[in-house]
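Start from the sequences, fold in the hints, and give me the full structure.
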Amino acid sequence: MSRSVVITGVGLVSACGTTADGHLASIDGAPTKPDRDVFTPHSVFRAAPVDFAETISSKSDRRQMEPWQLLGVTAAGFALESAGLAERDTREHLYLNVAANGGAREVDVDMEVLADLHGTADPEGALVGALSRKLRPSFLLGQLSNMLAGNIAIVLGVGGGARTFMGDEMAGIEAVADAVARIASGQSERVLVGGVQDAERSDLFLSLALGGLLSEGEVPPVLDPARTGQTPGSIAAFLVLESGEAAQARKAEAIAQLSPVTSAFGPGAVPACVQGLPSGDVSAILSAVSGVQPETLQVSEALQQAWPDAHMIATSDLAGHGGEAAFPFAIALSALMVQTKRAERAVSVGVYSDGAATAMLEAAR
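So the mapping is simple: our numbering equals the position in the sequence shown, first residue as 1, plus 55.
Mixed in with the good hints there might be a few duds.
Stated by the list, open to error - Simulated restraints on C-beta separations:
#, residue 1, residue 2, range
1, P86, L182, 43 to 51 Å
2, Q330, S240, 15 to 23 Å
3, M221, F320, 16 to 24 Å
4, G216, R117, 20 to 28 Å
Hint data in this document are derived by calculation from the structure and do not stem from the laboratory. The C-beta atom is built at its ideal place from N, Cα and C for all residues, glycine as well.
Spelled out as structure tokens, the structure:
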């Protein structure tokens with residue numbers, strides 16, 4: 056059994072704004088600029104200002120959430136509103152897939168541990184000692200990724216089962232792939248799926264800097280061969296996915312139809328993914344490449360070979376690289392392009408350390 060899967064709701068918060076029109080304006084060329092002062096010499100795309108109280112009315116709920124949870128719950132609320140699921144009773148059996156990291160870390164502790172490791176002849180022993188002396192179980196418990204799913208369930212009344220995916224870019228890919236597969240197979244009728252990254256965090260920049268993954272100073276566009284390194288962005292992107300039959304039954308508008316997600320590992324990942332997609336011309340490619348080399352150049356060249364006439368857009372140029380949110384963000388932008396006839400068929404591309412994933416979007420039939 057394989058059923059059609061359609062997108063009926065899109066919710067976004069990023070540097071492009073909080074509306075579909077704001078993101079489409081960025082796609083059309085309206086500039087978004089990163090903040091170059093907070094993490095000099097690196098840059099960050101900050102999320103546009105948003106009134107969290109519009110979605111999260113309770114002050115106590117807002118106080119107990121960290122920024123990444125506020126962003127995620129708000130974008131999820133926007134997606135539900137976009138899908139016409141405004142009443143809480145319409146969400147009672149809605150399933151939820153969330154891609155999120157572990158929340159903000161205690162940077163002072165991280166710096167103490169790094170200083171201890173740097174100044175000792177026994178770094179392994181110092182690390183073991185830090186685990187027992189400086190890392191508190193209560194602190195770790197407070198950062199569990201599934202807290203976002205819990206807050207979405209409580210604040211927005213999403214009452215179906217929930218799954219949380221961790222693992223950077225791969226988490227966002229798997230969250231979408233799982234949701235599409237469950238609907239296509241008949242296991243679910245409707246899934247709220249998305250990812251979130253709060254990029255305005257010292258611990259994130261520390262982690263990326265240690266891996267040599269950050270860009271510095273003025274940087275060329277992501278698809279420029281001279282580009283090296285990523286510019287992180289605060290992004291929350293959520294989608295309401297439904298079977299075509301479920302959407303028709305409640306007379307919901309289908310923003311776009313979504314193919315199964317294809318993924319592959321290794322140097323030939325993109326060609327392998329392309330072979331798994333429906334055949335036909337593609338007019339737009341929304342690529343979530345980060346700017347880190349050589350992956351960005353390799354993926355971009357493979358995509359150009361597959362669809363030489365397609366307009367390729369690097370989503371990281373619009374709002375920064377979104378980590379767990381990168382692939383859901385690319386899917387959302389592709390859907391908006393199809394809905395507004397900026398593209399007849401669009402391909403969304405996600406990239407992770409040793410592989411890639413793709414999905415095709417077109418007008419619902």
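Is 16 to 24 Å a correct range for the gap between the Cβ atoms of M221 and F320? holds (19 Å)
CB of P86 to CB of L182, is that within 43 to 51 Å? holds (44 Å)
Evaluate the given range 15 to 23 Å for the C-beta pair formed by Q330 and S240. holds (21 Å)
Is 20 to 28 Å respected by the C-beta to C-beta distance linking G216 and R117? For R117 against G216, whose Cβ atoms are near 26 Å apart, the range 20 to 28 Å holds.
Figure legend: structure checked against the earlier numbered hints; every hint is met.
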